[in-house]
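Fit chain B to the given chain A structure using the hints.
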Amino acid sequence: MAEVLLRNVVKRFDDVEVVRKISLDIPDNEFVVLVGPSGCGKSTTLRMIAGLEEISAGDIFIGGEVVNDLPPKDRDIAMVFQNYALYPHMSVFENMSFGLKLRKFPKDEIKKRVDKAARILDITELLGRKPKALSGGQRQRVAMGRAIVRNPKVFLFDEPLSNLDAKLRVQMRTEIKRVHQMVKTTTVYVTHDQVEAMTLADRVVVMNGGVIEQIATPQDLYHHPKTRFVAGFIGSPAMNFMRCRIEQNGVGQRVRISDAISLPIPALQAPRFQSLTGKEVVFGLRPEHITEPRRSDRDPNSEFAVTLDVVEPMGMETMVYFTVEGQEICARVDPGSSSGPGEQMRLYADMNQMHLIDPQTNAVL
Amino acid sequence: MSTATIAARPSLALRARASLRRNRRWALITSYVFLILFAIFFLIPPYYMVVTALKSDAEVAHMATNPWIIADGITFDQFRILLTQTDFLIFFKNTIIVTVCVVAITMVVSVFAAFSLGRMKFWGSGILATGIFLTYLVPDTLLFIPLFQIVKAIGLLNSYWGMVLVYPTLTVPFCTWIMIGYFQSIPKELDEAALIDGAGHLQMLTKIFIPVALPGIIAAMIFAFTVSWAAFVYPMTFLYSSDQQVLTVGTVTSLIRGDVYKWGMLMAGALVAAAPPLVIYAFLMDYYIAGLTAGATKG
Numbered sequence: 001m002a003e004v005l006l007r008n009v010v011k012r013f014d015d016v017e018v019v020r021k022i023s024l025d026i027p028d029n030e031f032v033v034l035v036g037p038s039g040c041g042k043s044t045t046l047r048m049i050a051g052l053e054e055i056s057a058g059d060i061f062i063g064g065e066v067v068n069d070l071p072p073k074d075r076d077i078a079m080v081f082q083n084y085a086l087y088p089h090m091s092v093f094e095n096m097s098f099g100l101k102l103r104k105f106p107k108d109e110i111k112k113r114v115d116k117a118a119r120i121l122d123i124t125e126l127l128g129r130k131p132k133a134l135s136g137g138q139r140q141r142v143a144m145g146r147a148i149v150r151n152p153k154v155f156l157f158d159e160p161l162s163n164l165d166a167k168l169r170v171q172m173r174t175e176i177k178r179v180h181q182m183v184k185t186t187t188v189y190v191t192h193d194q195v196e197a198m199t200l201a202d203r204v205v206v207m208n209g210g211v212i213e214q215i216a217t218p219q220d221l222y223h224h225p226k227t228r229f230v231a232g233f234i235g236s237p238a239m240n241f242m243r244c245r246i247e248q249n250g251v252g253q254r255v256r257i258s259d260a261i262s263l264p265i266p267a268l269q270a271p272r273f274q275s276l277t278g279k280e281v282v283f284g285l286r287p288e289h290i291t292e293p294r295r296s297d298r299d300p301n302s303e304f305a306v307t308l309d310v311v312e313p314m315g316m317e318t319m320v321y322f323t324v325e326g327q328e329i330c331a332r333v334d335p336g337s338s339s340g341p342g343e344q345m346r347l348y349a350d351m352n353q354m355h356l357i358d359p360q361t362n363a364v365l
Numbered sequence: 366m367s368t369a370t371i372a373a374r375p376s377l378a379l380r381a382r383a384s385l386r387r388n389r390r391w392a393l394i395t396s397y398v399f400l401i402l403f404a405i406f407f408l409i410p411p412y413y414m415v416v417t418a419l420k421s422d423a424e425v426a427h428m429a430t431n432p433w434i435i436a437d438g439i440t441f442d443q444f445r446i447l448l449t450q451t452d453f454l455i456f457f458k459n460t461i462i463v464t465v466c467v468v469a470i471t472m473v474v475s476v477f478a479a480f481s482l483g484r485m486k487f488w489g490s491g492i493l494a495t496g497i498f499l500t501y502l503v504p505d506t507l508l509f510i511p512l513f514q515i516v517k518a519i520g521l522l523n524s525y526w527g528m529v530l531v532y533p534t535l536t537v538p539f540c541t542w543i544m545i546g547y548f549q550s551i552p553k554e555l556d557e558a559a560l561i562d563g564a565g566h567l568q569m570l571t572k573i574f575i576p577v578a579l580p581g582i583i584a585a586m587i588f589a590f591t592v593s594w595a596a597f598v599y600p601m602t603f604l605y606s607s608d609q610q611v612l613t614v615g616t617v618t619s620l621i622r623g624d625v626y627k628w629g630m631l632m633a634g635a636l637v638a639a640a641p642p643l644v645i646y647a648f649l650m651d652y653y654i655a656g657l658t659a660g661a662t663k664g
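Top to bottom, those sequences are chains A and B. Each step along the first sequence adds one to the number in the working numbering, with nothing skipped, and position 185 is 185. Each step along the second sequence adds one to the number in the working numbering, with nothing skipped, and position 143 is 508.
Chain A extracted, bound-state conformation:
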């Protein structure tokens, strides 16, 4: 077990810079998830840590040692791939013991370790089978087993659940978390799925366009995004963004979204936004913070009426969509309170949860 440090790491493919000078500290035992849209450089970053991709500039440390020029086998890491990458001609036991055999471990030690990993992953009865006789979930367990037996300093996961169906994905997610709690090895996990990132990570690293947008705990990321990208990427459905103007009236500051809708900025937050008065900014509010007026202590000033375009019942909640100034907005309401499409509905905005974003820098103010 060891910490992983990235210092100003750059990766260029010919002239294209896919990873731009990123720095990242991953302490011992931590579970870090790299998340971002495809092409954001997250997989490349992981592959540079693994040694499968050379780094163009910067330094990578594993356990205090610079590993820039070390081949993958000497970095003491283990990796789980999206398509499992099991050796098709070997049994599960042989797959899991291959790395140990190459490292010349004694036979009884190999057997002990494989048995232990198989018990952790509940695949003991599969040890004699070939990969093609396994289901997707079982293959993924074997791939994890192959990583565990080596007892490496770092686990690397490259979108390990993307090939599984939705139900199995949730199940394996829990499994990965359970295994990490058991073996506590430093883990770097890459995914494009923000739900996976939020549920698994101790800390999430949001990447976009080759740079790190924000590093934070899942809760922090959700409540205090630093950029518009993070605000929009984390959370599902995505945060609503509306152009607005900050106004000052006798009572306090207000966010003017349209001629008909203007919402009060809570007194607690007002001092932060004092300088914005009269300026055009972007107003961000998550769908779950636009609801039917339900709380008794709510501020009636934060209510507004809209005409619904689309209504999507989900069972435990209903998504309603409406348009304000040409921008589509989503709200999350109680199934019982929703009106039908084309009908009027009164909604309440929880302004304590709002974000204001600078339209030029895209930074959350």
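It should be emphasised that the hints constitute simulated quantities derived from the structure, not laboratory data. On a predicted model such as this, the values are computed, not experimentally measured, just so you know. From the three backbone atoms N, C-alpha and C, an ideal C-beta is built for every residue, glycine too. Do not rely on the hints blindly, as some may be mistaken.
[Said to hold, decoys possible] Straight-line distance between alpha carbons at most 27 Å, and here's what the computed DSSO-like set of lysine-lysine pairs gives:
(1) B:553 to A:101
(2) A:130 to B:553
(3) A:130 to B:572
(4) B:572 to A:107
(5) B:553 to A:104
(6) A:153 to B:553
(7) B:572 to A:132
(8) B:553 to A:132
(9) A:153 to A:111
(10) A:104 to B:572
(11) A:73 to B:572
[As the list claims (entries may be wrong)] Partial list, derived from the structure: chain A residues whose beta carbon lies under 10 Å from chain B:
(12) 47
(13) 74
(14) 83
(15) 90
(16) 99
(17) 101
(18) 146
[To be verified] In silico negatives: residues of chain A with every beta carbon more than 12 Å from chain B:
(19) 61
(20) 181
(21) 224
Here is chain B on its own, set in the frame of chain A:
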């Protein structure tokens, strides 16, 4: 909805199903007709070989008898004389030696070449791979003249060891080419997993690639075997004494004397010579097909 339309429904479905069955039947009948024609066309020469090989010289020479059937009874004399009174067994032995060596050399060279060209991306690897295939497109009927000079210079003229040297110019390019394709169909993550597990390039090749690509390798082996077993132009050009001759040329040159064709023995020789490839195809056919239809390795 009226009762009439309800009643019409099942009959409509039934008719649709019947037409589907009819379509399928016609497709099957057409396939069988053409397959049978094809099979007959390709089975006529072997049939003619068998029939002629089992006749006596007298019957073969008799102009009045029907050449398609054996009228005077089956005789194995042609085979007996061929194996005891001609150099046929020497040709057979030479061919086996040459073929085994050629297949071995081809496989070693091709597997390494295909692995490095298909997997270890390096400067010029793409051009090299295409270049190798292009050399395969130069026909041996053009190559034998310069090759004659080379074989002569090395002093291997009229020696079957010369064939061991020359045949790989035909087999290596093609075998390398099909194995490059096969190796490329193996997921890249497999070698990355092996790299992380601690394998070097040689271990990756021997422990992962060769076992996984076995169908492709066997397909390439069968190809090399066939080329080497059936080669005609090179032995015709480079070998002239019968103790060095191989089956293809040896059978023809020793059994055709001037304008005298020993048809019975020629056919018997052709049959015996065709037996090893037949046996090998029969045993390895599944691998051969799997090799040609590559990509069945999804982990």
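Hints versus structure:
1. Our distance criterion of 27 Å between C-alpha atoms is met by residue 553 (chain B) and residue 101 (chain A), whose separation comes to about 22 Å.
2. Using a Cα cut-off of 27 Å, the hinted pair residue 130 (chain A) and residue 553 (chain B) holds, with the two alpha carbons roughly 20 Å apart.
3. Proximity of residue 130 (chain A) to residue 572 (chain B) is assessed by CA-CA distance (about 16 Å); at most 27 Å being required, the pair is judged to hold.
4. With a CA separation close to 18 Å, the supplied pair residue 572 (chain B) and residue 107 (chain A) stays within the 27 Å bound.
5. For the suggested pair residue 553 (chain B) and residue 104 (chain A), the alpha carbons sit about 25 Å apart, so the restraint of at most 27 Å is met.
6. Simply put, residue 153 (chain A) and residue 553 (chain B) have alpha-carbon atoms about 24 Å apart, close enough for the 27 Å limit, and the pair holds.
7. Note on residue 572 (chain B) and residue 132 (chain A): the hinted pairing holds, with a Cα-Cα distance of about 18 Å set against a maximum of 27 Å.
8. Taken as a hint, the residue 553 (chain B) and residue 132 (chain A) pair is honoured in the structure, with Cα atoms around 18 Å apart against an allowance of 27 Å.
9. The hinted pair formed by residue 153 (chain A) and residue 111 (chain A) meets the criterion: a straight-line CA distance of about 21 Å does not exceed 27 Å.
10. For the hint linking residue 104 (chain A) to residue 572 (chain B), the alpha-carbon distance of about 15 Å falls within 27 Å, and the restraint holds.
11. Annotation: proposed proximity of residue 73 (chain A) to residue 572 (chain B) holds, straight-line Cα distance about 16 Å (limit 27 Å).
12. Hint status for residue 47 (chain A) relative to chain B: holds, with the closest Cβ pair at about 8 Å, below 10 Å.
13. The interface hint given for residue 74 (chain A) holds, since its Cβ lies 9 Å from the closest Cβ of chain B, which is under the 10 Å cut-off.
14. For the restraint placing residue 83 (chain A) at the interface with chain B, the shortest Cβ-Cβ distance is roughly 6 Å, inside the 10 Å limit, so the hint holds.
15. Given hint, residue 90 (chain A) at the interface with chain B, holds; its Cβ is 8 Å from that chain's nearest Cβ, closer than 10 Å.
16. Annotation: interface hint on residue 99 (chain A) holds; nearest CB of chain B at approximately 4 Å, less than 10 Å.
17. Below 10 Å, beta-carbon pairs count as interface contacts, and residue 101 (chain A) has one with chain B at about 9 Å; its hint therefore holds.
18. A cut of 10 Å between beta carbons decides the hint on residue 146 (chain A): the least distance to chain B is about 8 Å, and the hint holds.
19. Interface exclusion of residue 61 (chain A) from chain B stands, the closest Cβ pair being 18 Å apart, more than 12 Å.
20. No Cβ of chain B comes within 12 Å of the Cβ of residue 181 (chain A); the nearest lies about 24 Å off, and the non-interface call holds.
21. Distance check on residue 224 (chain A): its Cβ is at least 37 Å (rounded) from any Cβ of chain B, clearing the 12 Å threshold; non-interface status holds.
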